Each structure stands twice: as structure tokens, then as C-alpha cells.
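Single-letter residue listing:
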Amino acid sequence: MNKQDIIICRCEDVSLADIHKALEMGYRDFESIKRILRVGMGPCQGQTCEHLIKNEIARFNKVNPETVKIHKTRPLISGVVLKDIAESQDE
Amino acid sequence: MIKRDLVIVGGGPAGLCAAKVALDAGMSVTLVERFNRLGGQLIKQTHKFFGSESQYAKTRGYDIAEILIKELDGYGDLEVLLEATCVGLYPDKVLTIYQDNHYFKYQGKSVIIATGASEKVLAFENNDLPGIYGAGAVQTLMNIYGIKPGSEVVMVGSGNIGLIVSYQLIQAGIKVKCLVEAASKIGGYLVHASKLKRLGVDILMNTTIKRAIGKEKLEKIVTVKLDENWQEIKNTETEIKTDALCISVGLSPLHQLMSMAGAKMLDVSELGGLVPKKTCDYETTIEHVYACGDVTGIEEASSAMVEGRIAGLMAAKHLGFKHPKAFELEETLNNQLCVLRQGPCGEKIRCGLKKAGEIND
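Just so you know, the protein sequences line up as chains A and B, in that order. Just add 125 to the spot in the first sequence (first one is 1) and you have the working numbering. Just add 218 to the spot in the second sequence (first one is 1) and you have the working numbering.
One should not assume that every hint holds.
List of simulated lysine-lysine pairs, DSS-like, C-alpha gap at most 25 Å [as the list claims (entries may be wrong)]:
1) Lys288(B) x Lys179(A)
2) Lys428(B) x Lys179(A)
3) Lys276(B) x Lys266(B)
4) Lys415(B) x Lys266(B)
Here are the in silico distance ranges between beta carbons for each label pair [as the list claims (entries may be wrong)]:
5) Ala211(A) x Gln449(B): 49 to 57 Å
6) Ala211(A) x Lys276(B): 48 to 56 Å
7) Lys535(B) x Val188(A): 39 to 47 Å
8) His145(A) x Tyr308(B): 33 to 41 Å
9) Val557(B) x Val188(A): 48 to 56 Å
Here are a few chain A residues that sit away from chain B, every Cβ distance over 10 Å (derived from the structure) [what the hints assert, rightly or not]:
10) Glu156
11) Met166
12) Cys174
13) Arg199
14) Val206
It is worth saying that the hints were derived from the structure and are not from the lab. Source: prediction; values computed, not measured. Cβ atoms here follow ideal geometry from the backbone N, Cα and C, with glycine treated the same way.
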């Protein structure tokens, strides 16, 4: 199995090999992996890779995937042009 | 900032039904929809629905969308925003909306989140090759845009979406080479699976996709057999030539708005992932913020419609708006939900709701 060719986060082009390497280096929760690999920071904000990464973390830590926390969801949920926010008349 | 009695995010079956009931109760309603038309997933569902008459059984999905949209005709207090994405939700019920390069704010006295779900993906070698799609995406391409996804297709997953989209591919003149399912049981209704069988589609059980092969785009896939512990069985790899692969392995609730607003979320695998903790009134842990439809747990459009009506009714009730038939409607709707979730097909959702603490038995 070539883990380099298994894409986990397609927004930021992160492979299964990258995830496993991060886990082995000691980054064992979603927030840490996000900070080092940028998973969940692209256009879909983690909606696509969330489940796959959760499962990998669970497998590595030998816990139930339901107990693995994902990253903190922050506004905005999709890309907004900064100029449009700056020009917004809204208070 | 524009203030409304109710802002609904998502114009699918749940959002449309919530709007109707809330309008009947006299609320001013804004309905925010990301796509260029209302109806959500219904508009690409060319098959006739199962279930009961009260949820439009025997009617095709896109016709149900038409019915629900028409029901909103003539309400002066309804505003519909199309191609508008709600990009933020805050605890004071302020919503930020992005439409046509304009960024603006709404505030609802109450808010209903009916954002639905997105497709889950699978991890296998070369899973980023062009020609690999989600089954829902294929249904959108075919039934909304009239575009063929390929000349032949392998489907992964035997849930109702996988089965129904396979059938619709055949209707569109595309060869479905086979359907692979990792479990030992068909996930969706047997009547759909039988239909495929009769048309000569091979259904390969205990099988999963191992690898995709192709230079510029998908050319071949490799499948592998699984044992009862979901481990690959050696020497069972099979190569299949195909230019399209359809992944239908479940949906995941679009939880982001509620997560960012700070609503308490629960992780329940049977419901598809992160769902908001809610009361039997469909209210989340943020007062006057409700959730209904697939975003509260993956089910069918039929239950999304009923949940939407309940959420609309409760949003109105908790702000003192009186629906003319509030009492009888509440009872009828709750009964309808129970009926929809009966039997072996409702087992997964019942199990999920039990885990979430929403039902007891």
C-alpha cells in the first residue's frame, strides 16, 4: 500500500503517509495535526476529511472514533472575499 | 442588519416545510438557500418515494419539491434568498450571509438550521484521480445538468443512494459494471437491489475498493475481498476496467453553523457524525435555535419534512405565535415520525436517537 497516494485532505493535499508520520511524531489529536499539516483549513473547512482523520487518530490511540474530538469550528464556513467584508455596510 | 422572526438556513425538504408552518403561524420568515433554486436534494430525485401518503409516497422527488415550493406561494411575509450562503452563526442568533459578493447580517428571533448533509469519502490509493465521484454528485450531474459521468461505472456502497443512483445510471444509458459492498448485507431496501440484479448488475458482497489506477484519469480499479473482521483476504484482488467510480458510503451532517455558535454537539456514528443535542421540540442548547432534517441525523427526505414542520411549529410556539392547528398538528407529526422509524429499516436511526438520549425504548 502506497500511503503517499491516499489523499486524506484534498483541500490541502495531505496524504495518509503525512497523517501517520504526524501521529508517530506525537501529534495525536485533531487540533495538533491541523496546526502542523493544515488539515481542515481549506475551502471545505474539514467537512470532507474530518471522518477519515478521526478514524486514523482513533486507530492509532486505540479508542472509539466517537470519542475523538475534531477541530474547533470557526466562522466563516466558506471563503469570503475580504474586500466584500470591508465594503459591507452592515453594523 | 435585518431582523426577522425566523431565519431558516437551507431550502431543502426540512427548511421548506418549516417555513410553511411558521408562516401559517404568522411569523416573518427569511429562507436562505445556497443553490440557485429551492428543493435541496429532492430536485435530483427522479424516483418515486416510498412510505406513507402524508409524505407524498408514490410521487417523484422533484415533484415533491414543486409541491412544497408551491405551498409557499402567496405569503407576504416570506423572503427567499437564493445563491446565498450562510457563512456564520453566532450565539445572539446573528447570521452572516454571503450572496453575489455581498456580505451582510440577519438576526432572527429564532433560527432553524436545516443545512442537510454532505457525502463521506473513502481512503484508498489514487482516490484523487478524475473520474472518482460521490454518488450524490453523479446524481446532480445526470439529473440536474444532464451530464454523463462516464461510459461505465462501478458503484461502491449498497445503501439506498448507491442502489438508486445505479438504477438511474442505467436509465441514462450508462453501464453499471458492478456494485461493491464491504458488509455482508445490502444496506438499502432489497426491492431496489433486486431491481439491479434483474438488470444483470453484479453485486459483490464483502468487497471493498483497494486502489484506483490511471494516468490522467481513472482507467481501472482494484477490489479486494474482506473477511468477517473487515480485514483484506490475500490473493483476492481483482482488476476491473472502468472510467467512473461512484462512492456511496454514507452522509455526514453539515454541523458547522451549530458547532461555531457553541451549541452542544454529540458524536453519534449511527446518525452520521456530529449532531446537535436537542430537546423533543427540536431546540438545540442555544435558546430559539432549532435544527431539523439530515443535519440532526441522516435519514430520509420523508422524515426531514416532518421534522421541519415540527421545528417550524415549535419556533412559533416558543415566541408566542399561534398556529391555527397547533395542538393537533403537533400530535399528528410526532406520530408520523414514529411510524416512519418503525421496522427493521428504522433500526439504525432508533439506535442513534437512543444514544443521543432522544428516545427511550
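Hints, verified against the model:
no.: 1; hint: Lys288(B) x Lys179(A); verdict: violated (42 Å)
no.: 2; hint: Lys428(B) x Lys179(A); verdict: holds (20 Å)
no.: 3; hint: Lys276(B) x Lys266(B); verdict: holds (5 Å)
no.: 4; hint: Lys415(B) x Lys266(B); verdict: holds (19 Å)
no.: 5; hint: Ala211(A) x Gln449(B): 49 to 57 Å; verdict: holds (55 Å)
no.: 6; hint: Ala211(A) x Lys276(B): 48 to 56 Å; verdict: holds (52 Å)
no.: 7; hint: Lys535(B) x Val188(A): 39 to 47 Å; verdict: holds (41 Å)
no.: 8; hint: His145(A) x Tyr308(B): 33 to 41 Å; verdict: holds (37 Å)
no.: 9; hint: Val557(B) x Val188(A): 48 to 56 Å; verdict: violated (37 Å)
no.: 10; hint: Glu156; verdict: holds (14 Å)
no.: 11; hint: Met166; verdict: holds (14 Å)
no.: 12; hint: Cys174; verdict: violated (8 Å)
no.: 13; hint: Arg199; verdict: violated (6 Å)
no.: 14; hint: Val206; verdict: violated (7 Å)
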